[in-house]
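Here the structure of chain P is known, so what remains is to put chain A in place on it, guided by the hints.
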Amino acid sequence: MSGMPSIKSREIKIVQEIPISKTLRFWEGLKEGKVYATKCTKCGKQYFPPVADCPNCLNSEIEWIELSNEAEVETFTHVVFRPTSFCQYKPYTVAIGRLKEGVKVLTWLTGFKLSEIKVGMKVKLVAKLSQEGNPTYEFVPL
Amino acid sequence: MICLRKVAIIGVGNSKFGIRNDVNVAELTFEAVKPSFEDAGLAAKDIEFVALGSAGAGAWYEELLPAVVAAEYCGLTKAGLVRCEAACASGSAAFQTAYSVIASGQAEIAMVLGVEKMREIDSLTAMEWIGRAGYYFWEFHNFGLTFPAYYALYANAHMAKFGTTEEDLALVAVKNHKYAIMNPLAHLQNKITVDDVLNSMVIASPLKLFDCCPMTDGAASLILASEEKVKQLDVDTPIWVAGIGCSSGTANLSKRPDYVGLEASVLAAQRAYKTAGISPEQIDVAEVHDCFTIAEIMAYEDLGFCSKGEGAKMIREGQTEIGGKIPVNVDGGLKAKGHPIGATGCSMIYELTKQLRGEAVEKGRQVQLKNYIALAHNIGGTGHYCYVTILRR
Numbered sequence: 006m007s008g009m010p011s012i013k014s015r016e017i018k019i020v021q022e023i024p025i026s027k028t029l030r031f032w033e034g035l036k037e038g039k040v041y042a043t044k045c046t047k048c049g050k051q052y053f054p055p056v057a058d059c060p061n062c063l064n065s066e067i068e069w070i071e072l073s074n075e076a077e078v079e080t081f082t083h084v085v086f087r088p089t090s091f092c093q094y095k096p097y098t099v100a101i102g103r104l105k106e107g108v109k110v111l112t113w114l115t116g117f118k119l120s121e122i123k124v125g126m127k128v129k130l131v132a133k134l135s136q137e138g139n140p141t142y143e144f145v146p147l
Numbered sequence: 000m001i002c003l004r005k006v007a008i009i010g011v012g013n014s015k016f017g018i019r020n021d022v023n024v025a026e027l028t029f030e031a032v033k034p035s036f037e038d039a040g041l042a043a044k045d046i047e048f049v050a051l052g053s054a055g056a057g058a059w060y061e062e063l064l065p066a067v068v069a070a071e072y073c074g075l076t077k078a079g080l081v082r083c084e085a086a087c088a089s090g091s092a093a094f095q096t097a098y099s100v101i102a103s104g105q106a107e108i109a110m111v112l113g114v115e116k117m118r119e120i121d122s123l124t125a126m127e128w129i130g131r132a133g134y135y136f137w138e139f140h141n142f143g144l145t146f147p148a149y150y151a152l153y154a155n156a157h158m159a160k161f162g163t164t165e166e167d168l169a170l171v172a173v174k175n176h177k178y179a180i181m182n183p184l185a186h187l188q189n190k191i192t193v194d195d196v197l198n199s200m201v202i203a204s205p206l207k208l209f210d211c212c213p214m215t216d217g218a219a220s221l222i223l224a225s226e227e228k229v230k231q232l233d234v235d236t237p238i239w240v241a242g243i244g245c246s247s248g249t250a251n252l253s254k255r256p257d258y259v260g261l262e263a264s265v266l267a268a269q270r271a272y273k274t275a276g277i278s279p280e281q282i283d284v285a286e287v288h289d290c291f292t293i294a295e296i297m298a299y300e301d302l303g304f305c306s307k308g309e310g311a312k313m314i315r316e317g318q319t320e321i322g323g324k325i326p327v328n329v330d331g332g333l334k335a336k337g338h339p340i341g342a343t344g345c346s347m348i349y350e351l352t353k354q355l356r357g358e359a360v361e362k363g364r365q366v367q368l369k370n371y372i373a374l375a376h377n378i379g380g381t382g383h384y385c386y387v388t389i390l391r392r
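Protein chains in written order, with this note's numbering: chain P, 6 to 147; chain A, 0 to 392.
I should point out that these hints are in silico values taken from the structure, not numbers from a laboratory.
Small disclaimer: the values here were computed from a predicted structure and weren't measured.
It cannot be assumed that every hint is accurate.
As a list, the in silico SDA-like pairs of lysine to any residue whose alpha-carbon atoms are at most 20 Å apart [what the hints assert, rightly or not]:
#	chain 1	residue 1	chain 2	residue 2
1	P	Lys13	A	Glu62
2	A	Lys160	P	Glu77
3	A	Lys160	P	Leu119
4	P	Lys27	A	Tyr134
5	P	Lys95	A	Ser122
6	A	Lys254	P	Ile70
7	P	Lys123	A	Pro256
8	P	Lys123	A	Ser253
9	P	Lys127	A	Ser253
10	P	Lys109	A	Asp257
11	P	Lys123	A	Met158
12	A	Lys307	P	Val124
13	P	Lys18	A	Phe136
14	P	Lys127	A	Ala159
15	A	Lys254	P	Glu75
16	A	Lys160	P	Met126
17	P	Lys13	A	Val68
18	P	Lys13	A	Ile120
19	P	Lys13	A	Leu64
20	A	Lys254	P	Thr28
21	A	Lys254	P	Glu106
22	P	Lys105	A	Pro256
23	P	Lys123	A	Val201
24	P	Lys13	A	Trp128
25	P	Lys118	A	Ala159
26	P	Lys109	A	Tyr134
27	P	Lys18	A	Phe139
Short, incomplete list of chain A residues facing chain P, as computed with Cβ under 8 Å [as the list claims (entries may be wrong)]:
#	residue
28	Asn141
29	Ala159
30	Asn251
Across the chosen pairs, the derived CB separations fall in these ranges [unchecked claim]:
#	chain 1	residue 1	chain 2	residue 2	range
31	P	Arg103	A	Glu316	26 to 36 Å
32	A	Ser306	P	Lys127	23 to 33 Å
33	P	Gly116	A	Ser99	49 to 59 Å
34	P	Gly125	A	Val193	19 to 29 Å
For every residue, glycine included, the Cβ atom is placed at its ideal position computed from N, Cα and C.
Extracted from the complex, chain P is given alone in its bound form (with noise of 0.2 Å):
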């Protein structure tokens, strides 16, 4: 790579199996979807991403919400410099939108040009399926 004298490391590939079966109603959610939180049972505070154990009380016992879907843009980027694993895909925009519930969401947001997208704007949360085929959620326009 650098032209200086080296030699290769031997090849691993390596592909993760992440475990879901805690959030798996989350995943089966966005299948039709909706767009589930989680909240304690005891404390009642709220997540997303969904968890199913409460960080604040310790509680196991959640139940899962379905989030409404109007949510504000905190805050964006452009990601024109892409990672190796999203290459196939064209530059994209993230931001993070908080729901009215107070809970934020990090995604992509689509169906607006750069320009327009501005701190404060409102936008819709929407279950889809990725370029990939699976289960995720995006921000669009209302």
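Showing chain A alone in chain P's frame:
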């Protein structure tokens, strides 16, 4: 309250930073270790404990146990040994570990090493690895956040709230390149202008190529000793550790209260100031974590060098230049000296030790010392970890 022993820095070494494909991780570490021994007048047999900071072991370079490999290469085998990980603050985490070992009476002399080899893989794969260093599952897996993108989220929020501009961000890069030119250890030694920054390619809006630190190889070494040992060795100019403060932030950026500053920096700084018994006005020189230009502006505010929202004003007015209110990153910073992740925290302390001794090698970079107090601010991830270290001559 436990009574801790005083600890001083008695030897420092720093390799040349840059694209170092001429050396492996152990050979690069050696380049920092040897001068630190010469500086302290000690040898490997004197070191009882070694803490090494490195973040990318097995990912962007081949060795999974760099502490073991580097220790053998530098003749340090048999000393107590650990590798510390706090992402880009791994070097500071190692410093705190070695400090604690001496302060608590477990050793008289210890060594802190920081090393990173980042240029053995291609830059897109490096971007992939570093992008995963937040919350992989919730923020990278589906959304491909990169490291510049994490800080770009902060930049856009800061610009929207306080009117900070892309030109303000560019001024940080211009300042840090200016000092890097004077520092022979620095990776990027080219003079740049505001226009050069503004016209460079967009990486993650609003951050452009010249708003970002380079991917750098480098190593730094620090030798620490107890007060008793300092007296026994009759050390000429010991640099005392006055206080260390550390804190952390949520893995998910979506769980942060806002995007205009790093809570971990604020808390770590408050803890460090309290332990050292000083206020920000007393600091003669600071090293802050400028992995991206916005990070330096937020650091001014989070560390209390100015009030919230006034960071851009400090850089516009030149208050963080040599001769200004508080000189910052006069070695070139991460932005231009380079950011070999695990080495950065140690390299900051290397620079501050030289400054406090009054021997910043190039006289044009020596700050004026009034209170003989310096501060290092080292962030890991995007405010996921933070260490603030205060030194005093």
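Quick rundown of the hints versus the structure:
no.	hint	in the structure
1	P:Lys13 to A:Glu62	13 Å, holds
2	A:Lys160 to P:Glu77	15 Å, holds
3	A:Lys160 to P:Leu119	19 Å, holds
4	P:Lys27 to A:Tyr134	17 Å, holds
5	P:Lys95 to A:Ser122	18 Å, holds
6	A:Lys254 to P:Ile70	18 Å, holds
7	P:Lys123 to A:Pro256	19 Å, holds
8	P:Lys123 to A:Ser253	18 Å, holds
9	P:Lys127 to A:Ser253	17 Å, holds
10	P:Lys109 to A:Asp257	11 Å, holds
11	P:Lys123 to A:Met158	11 Å, holds
12	A:Lys307 to P:Val124	19 Å, holds
13	P:Lys18 to A:Phe136	19 Å, holds
14	P:Lys127 to A:Ala159	15 Å, holds
15	A:Lys254 to P:Glu75	18 Å, holds
16	A:Lys160 to P:Met126	14 Å, holds
17	P:Lys13 to A:Val68	19 Å, holds
18	P:Lys13 to A:Ile120	10 Å, holds
19	P:Lys13 to A:Leu64	19 Å, holds
20	A:Lys254 to P:Thr28	18 Å, holds
21	A:Lys254 to P:Glu106	13 Å, holds
22	P:Lys105 to A:Pro256	15 Å, holds
23	P:Lys123 to A:Val201	18 Å, holds
24	P:Lys13 to A:Trp128	19 Å, holds
25	P:Lys118 to A:Ala159	18 Å, holds
26	P:Lys109 to A:Tyr134	15 Å, holds
27	P:Lys18 to A:Phe139	19 Å, holds
28	Asn141	5 Å, holds
29	Ala159	4 Å, holds
30	Asn251	6 Å, holds
31	P:Arg103 to A:Glu316: 26 to 36 Å	34 Å, holds
32	A:Ser306 to P:Lys127: 23 to 33 Å	31 Å, holds
33	P:Gly116 to A:Ser99: 49 to 59 Å	52 Å, holds
34	P:Gly125 to A:Val193: 19 to 29 Å	28 Å, holds
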